[in-house]
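Once you've looked at the hints, go ahead and assemble the two chains, each given alone in its own frame, into the complex.
Protein sequence lines, in the order shown, are assigned to chains G and U. Its first residue numbered 1, the first sequence is counted upward by one per residue in UniProt numbering. Its first residue numbered 1, the second sequence is counted upward by one per residue in UniProt numbering.
Rather than coming from a laboratory, the hints here were simulated on the basis of the structure. Heads up, the beta-carbon is just placed ideally off N, CA and C, and yes, glycines get one too. Among the clues, some could well be false.
Computed far set for chain U versus chain G, every beta-carbon distance over 12 Å [stated by the list, open to error]:
1) G12
2) R55
3) Q65
4) D95
Cross-link-like lysine-lysine pairs, in silico, DSSO-like; alpha carbons within 27 Å at most [claimed, not checked]:
5) G/K19 to U/K108
6) G/K19 to U/K11
7) G/K12 to U/K259
8) U/K108 to U/K33
9) U/K3 to U/K259
10) G/K19 to U/K259
11) U/K108 to U/K11
Residues per chain, in single letters:
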Amino acid sequence: MKLMEFLKRERKKSASVAKERLQIIVAHQRSQRGQPDYMPMLERELLEVIRRYVHVDDDAIQISLDSEDNCSVLELNVTLPKS
Amino acid sequence: MAKIIVVTSGKGGVGKTTSAAAISTGLALRGKKTVVIDFDVGLRNLDLIMGCERRVVYDLVNVIQGEAGLNQALIRDKRVENLFILPASQTRDKDALTQEGVEDVLTKLKEEFDYILCDSPAGIERGAQLAMYFADEAVVVTNPEVSSVRDSDRILGLLASKTRRAERSEDPIKEHLLVTRYNPERVTSGDMLTLDDIREILAIDLLGLIPESEAVLRASNQGVPVTHDAASDAGQAYTDTVSRLLGEDVPLRFHEAQKKGILTRMFGGSRR
Numbered sequence: 001m002k003l004m005e006f007l008k009r010e011r012k013k014s015a016s017v018a019k020e021r022l023q024i025i026v027a028h029q030r031s032q033r034g035q036p037d038y039m040p041m042l043e044r045e046l047l048e049v050i051r052r053y054v055h056v057d058d059d060a061i062q063i064s065l066d067s068e069d070n071c072s073v074l075e076l077n078v079t080l081p082k083s
Numbered sequence: 001m002a003k004i005i006v007v008t009s010g011k012g013g014v015g016k017t018t019s020a021a022a023i024s025t026g027l028a029l030r031g032k033k034t035v036v037i038d039f040d041v042g043l044r045n046l047d048l049i050m051g052c053e054r055r056v057v058y059d060l061v062n063v064i065q066g067e068a069g070l071n072q073a074l075i076r077d078k079r080v081e082n083l084f085i086l087p088a089s090q091t092r093d094k095d096a097l098t099q100e101g102v103e104d105v106l107t108k109l110k111e112e113f114d115y116i117l118c119d120s121p122a123g124i125e126r127g128a129q130l131a132m133y134f135a136d137e138a139v140v141v142t143n144p145e146v147s148s149v150r151d152s153d154r155i156l157g158l159l160a161s162k163t164r165r166a167e168r169s170e171d172p173i174k175e176h177l178l179v180t181r182y183n184p185e186r187v188t189s190g191d192m193l194t195l196d197d198i199r200e201i202l203a204i205d206l207l208g209l210i211p212e213s214e215a216v217l218r219a220s221n222q223g224v225p226v227t228h229d230a231a232s233d234a235g236q237a238y239t240d241t242v243s244r245l246l247g248e249d250v251p252l253r254f255h256e257a258q259k260k261g262i263l264t265r266m267f268g269g270s271r272r
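Chain U extracted, bound-state conformation (with noise of 0.2 Å):
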């Protein structure tokens, strides 16, 4: 049975996108049959991240409208097989996405794939609310900055009150905390809020951290997710990321300063 994801957040530029390419790619590499669908209508920016910009024919609205096949909108992934993308529409409003329009297609997508995520537009307006609806479980990204956490909790009351779940009354979707653009040396510093802060205020699982790193604008600079790039840290931060999803228990890596040796103190050095 298709698992449905949201990626979510309330805050705009916390990393939804990135963190969306970044874990669907990741499942793709695990063998799972994966599809990323985005939800941002009017403002679309999944395909430039995951570089498949210049193949966009039809989108998400097209579908939902009749416009278009299911499987002529859907863009197989160049890079790893078994991924999918389902691009937003450009020029359309978020009127366009009607509650039915979206059950419909996540019902024909549950049929052929295992994992839907759901890139969810910022805000908690239509977009957002329609993009976690139907969800299983949530990933609730989240920078270590006070208006984003805030912002993550008035998401986490939305997951328990506006969901398909929560009306019907059934299992609560599973909510997952993914803290993203994390500076171990800010934290040490006393200038950024400790992980262990986020989770004690925020109270639900930790799923992932994921450092500040260079690699990220790198990656969304190439339209290439940053999972692919094994060598970086947040690379490989989201592939333990991916496995901590499939249910593996896998060790936290990143959250601590690195001991700066004598000649990074003196040459500098920065995160790979």
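The following block holds chain G by itself, in its conformation from the complex (with noise of 0.2 Å):
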């Protein structure tokens, strides 16, 4: 039985882990795109300023930035864990 079962098993081909893998990370670069390059640092920092506060993860924080006709919206969203 156990032989049957081994090979029965549809082992996963290294293509289609390959292009999930890639689709996560393509995605995660292009929602960077455009930014301007002070945004690493600038979340970086504010994540330090929150935690004198706050105790949060290093993904409970999300910024964007987003540009409209005349002015720039900086979006900062942050999770606060239960107190």
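In structure tokens form, the structure reads like this:
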């Protein structure tokens, strides 16, 4: 029985693993495209400031910059832990 | 009006120089007056692939620094009429290239040539950015492999932001995908990204597909661009690529695995 299970088991092809990983990383890269160069630094420093008051994880902060007609909006989303 | 085409990739070793040599040769064979410029200052190799390494006297940096005239530095290809090579410097560091200097050289070349190909260095540093800055079109060379595809996506981001067309909000650079070292057998066995996977992820127009081929190494050994090996799969694939670059509608070849006959199965066989 064991042998049959082993033979039937569909091994996930490495190319489809590659595709899934690429889709995720490329989507992430594109979300950062066109942002000013200071954004990663700004994100890091904002996180440091928040951490002086509350402990938050690295992925608890989301930051994005949207350009509209004549102004840009910096959007900051911080998920705080339950106190 | 001359077209400036950058051959770029981000990742090294994917076939930029091979492709720049093969495409420029193909364009010249089609009667287009073509110059191919090596932007890899400090690590020049285009001259070797084109087989003119012993005829290099002056280079791109000499021209930019005013130590030689453009016509002194241009090397006429011995095999095809209408084809010229502008080599990179071997000794200078990459800071020897200036944006103004490059612009000046390109402006002069534009008066004489139909196509100007810029063979970009690997990476996303200054040399690579200068190679793409003035481009009208870009050939993004990609291998069916994760790091190459990811780097190609990074390059697409730069093409859309750090180029003259982007900065001046002109029509964007026309981006073409060139997949190289494609192995249909490994695609069939599920161990290599398919052409459709790569197209889906990068989402740009496909210019050509070059199969993994023994002809490529043979060509670089001899210093003869693989386009001249008209019997080889890679040579034919580059010829197709050039036709598409010229706007022709050519069906795709070499993307499917060949059915192996009993003799090849028994005695083995290799792709020419």
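These are the hints, each one checked on the structure:
| no. | hint | verdict |
| --- | --- | --- |
| 1 | G12 | holds, 19 Å |
| 2 | R55 | holds, 42 Å |
| 3 | Q65 | holds, 30 Å |
| 4 | D95 | holds, 20 Å |
| 5 | G/K19 to U/K108 | violated, 44 Å |
| 6 | G/K19 to U/K11 | holds, 18 Å |
| 7 | G/K12 to U/K259 | holds, 24 Å |
| 8 | U/K108 to U/K33 | holds, 14 Å |
| 9 | U/K3 to U/K259 | violated, 41 Å |
| 10 | G/K19 to U/K259 | holds, 26 Å |
| 11 | U/K108 to U/K11 | violated, 30 Å |
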